[in-house]
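There are 2 protein chains.
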Amino acid sequence: MERIYKGKTKDVFVTEDGTIRLFFKDDMTGKDGVFDPGENQVGLIVDGSGRSGLAASKYFFEILEREGIPTHYLESNLEAKTMDVKKAVMFGKGLEVICRFKAYGSFVRRYGEYVQTGEDLNGYVEMTIKDDERQDPIINEDALVLLGILKEGEYDFIKEKTQQIANRIRKELASKDLELYDIKLEFGRLENSNDIILIDELSGGNMRIFKGEESIHPLDLETYLLA
Amino acid sequence: MERIYKGKTKDVFVTEDGTIRLFFKDDMTGKDGVFDPGENQVGLIVDGSGRSGLAASKYFFEILEREGIPTHYLESNLEAKTMDVKKAVMFGKGLEVICRFKAYGSFVRRYGEYVQTGEDLNGYVEMTIKDDERQDPIINEDALVLLGILKEGEYDFIKEKTQQIANRIRKELASKDLELYDIKLEFGRLENSNDIILIDELSGGNMRIFKGEESIHPLDLETYLLA
Numbered sequence: 001m002e003r004i005y006k007g008k009t010k011d012v013f014v015t016e017d018g019t020i021r022l023f024f025k026d027d028m029t030g031k032d033g034v035f036d037p038g039e040n041q042v043g044l045i046v047d048g049s050g051r052s053g054l055a056a057s058k059y060f061f062e063i064l065e066r067e068g069i070p071t072h073y074l075e076s077n078l079e080a081k082t083m084d085v086k087k088a089v090m091f092g093k094g095l096e097v098i099c100r101f102k103a104y105g106s107f108v109r110r111y112g113e114y115v116q117t118g119e120d121l122n123g124y125v126e127m128t129i130k131d132d133e134r135q136d137p138i139i140n141e142d143a144l145v146l147l148g149i150l151k152e153g154e155y156d157f158i159k160e161k162t163q164q165i166a167n168r169i170r171k172e173l174a175s176k177d178l179e180l181y182d183i184k185l186e187f188g189r190l191e192n193s194n195d196i197i198l199i200d201e202l203s204g205g206n207m208r209i210f211k212g213e214e215s216i217h218p219l220d221l222e223t224y225l226l227a
Numbered sequence: 001m002e003r004i005y006k007g008k009t010k011d012v013f014v015t016e017d018g019t020i021r022l023f024f025k026d027d028m029t030g031k032d033g034v035f036d037p038g039e040n041q042v043g044l045i046v047d048g049s050g051r052s053g054l055a056a057s058k059y060f061f062e063i064l065e066r067e068g069i070p071t072h073y074l075e076s077n078l079e080a081k082t083m084d085v086k087k088a089v090m091f092g093k094g095l096e097v098i099c100r101f102k103a104y105g106s107f108v109r110r111y112g113e114y115v116q117t118g119e120d121l122n123g124y125v126e127m128t129i130k131d132d133e134r135q136d137p138i139i140n141e142d143a144l145v146l147l148g149i150l151k152e153g154e155y156d157f158i159k160e161k162t163q164q165i166a167n168r169i170r171k172e173l174a175s176k177d178l179e180l181y182d183i184k185l186e187f188g189r190l191e192n193s194n195d196i197i198l199i200d201e202l203s204g205g206n207m208r209i210f211k212g213e214e215s216i217h218p219l220d221l222e223t224y225l226l227a
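Those protein sequence lines, which keep their order, are chains A and B.
All residue numbers for the first sequence refer to the UniProt record's numbering, where the first residue is 1 and numbers rise by one.
All residue numbers for the second sequence refer to the UniProt record's numbering, where the first residue is 1 and numbers rise by one.
What the hints contain is simulated information worked out from the structure, not anything from laboratory work.
From a predicted model like this one, the values you see are computed outputs, not experimental measurements.
Any given hint might turn out to be false.
Copies of the same chain look alike in the list, so a pair counts if it works inside one copy or between any two.
[Unchecked claim] Under the rule of at most 27 Å between Cα atoms (straight-line distance), these lysine-lysine pairs were calculated in the DSSO-like manner:
#1 Lys171 / Lys6
#2 Lys211 / Lys93
#3 Lys151 / Lys102
#4 Lys151 / Lys31
#5 Lys102 / Lys87
#6 Lys161 / Lys31
#7 Lys151 / Lys176
#8 Lys8 / Lys159
#9 Lys211 / Lys6
#10 Lys161 / Lys151
#11 Lys130 / Lys102
#12 Lys87 / Lys31
#13 Lys86 / Lys159
#14 Lys176 / Lys86
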């Protein structure tokens, strides 16, 4: 089994038979030892965080698969902390799609002149390109097309898929008395195809979740889901 | 005559008969004494810069008026360094619209992973909200509508007007052997109307202009235009 990519929270391997296998590490993004899903650096190592992120991902990917939403998910192995996925090609060097239900974090840092933390954002979608050095800059539809990251029409398709997926996850969390404030998704193009599918993971590390006034730590999400 | 607004490079007065009069100051945006149209602070004071900015603005506004493009321009007085304009209401606390023909400055700082300085951008348009404290963050169409800064449909209208105006100015500069790399425009809503018109100024301070490999200082633009 060969490692083909070393990520911040996951490594990517290819098995002898060509399957793509994600290995969930015990590294979390954050700063100065405090978890922050918006951070681009590994800020802390937490025993069990890899397994926990995988458990949440498995939970949500299986819901989406049942609903016929195309994703890269094949199967997962909680003991080995691995998830097998279909091979997909990233958009450019990685495109992140954020769906926001409540104003929080970077949205308020950017637009704080017009919005306060906690205001309803109704599933607003924005995209950022992955670029640690430049702090994942926000990018509009025209720039994505101009720079060859998306093709004409794909922005709206991804936006719609994002809202569909985010609303499904939000509904699921609501059934556990949890509120989804925002979620960060990643899409890719299925290999040898034009199909756009959901890739990456679906864990607490990609979501901002509250229970009442209290923020849920990503590692605790699993216990709520499987309760 | 009462001053109703004190800006970085212009003050706004209202005359006894209710006319809005812009006074062009000798302050320029920049940092550490070096002019930079992308900077948000007054970085230097240059004798004659107010008059020079007004002369260029008068030149371009009169061209646009002749072509029937709606602007706030009424008339100007070079000696007094004033321009009389129609009263217009800003979008939110100010919306800036940038049209780019060549990659430069903040576009490359943001998307340098995908583009190099000087590459063709074909009149790409992006919008930023005026917010000195937050360095004029870029904002997409959905956020502008969500935050109540633009109404549905206005983004595309403004984008199209921007490209029309930028292309006209670019053509004019080309006739003087100058190349427009990018330009920053501002629009507003004509008072008591839904009409969207071009406001602010049209000077070297809002444009990045080259002659061959050499950048043109904003204060020198006037001499090229009136040569």
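Hints and how they fare:
no.: 1; hint: Lys171 / Lys6; in the structure: neither (33 Å within a copy, 49 Å between copies)
no.: 2; hint: Lys211 / Lys93; in the structure: neither (34 Å within a copy, 35 Å between copies)
no.: 3; hint: Lys151 / Lys102; in the structure: between (29 Å within a copy, 21 Å between copies)
no.: 4; hint: Lys151 / Lys31; in the structure: neither (35 Å within a copy, 38 Å between copies)
no.: 5; hint: Lys102 / Lys87; in the structure: neither (33 Å within a copy, 36 Å between copies)
no.: 6; hint: Lys161 / Lys31; in the structure: neither (31 Å within a copy, 44 Å between copies)
no.: 7; hint: Lys151 / Lys176; in the structure: neither (38 Å within a copy, 37 Å between copies)
no.: 8; hint: Lys8 / Lys159; in the structure: within (25 Å within a copy, 38 Å between copies)
no.: 9; hint: Lys211 / Lys6; in the structure: neither (33 Å within a copy, 46 Å between copies)
no.: 10; hint: Lys161 / Lys151; in the structure: both (16 Å within a copy, 24 Å between copies)
no.: 11; hint: Lys130 / Lys102; in the structure: both (23 Å within a copy, 23 Å between copies)
no.: 12; hint: Lys87 / Lys31; in the structure: neither (31 Å within a copy, 48 Å between copies)
no.: 13; hint: Lys86 / Lys159; in the structure: within (22 Å within a copy, 39 Å between copies)
no.: 14; hint: Lys176 / Lys86; in the structure: neither (30 Å within a copy, 56 Å between copies)
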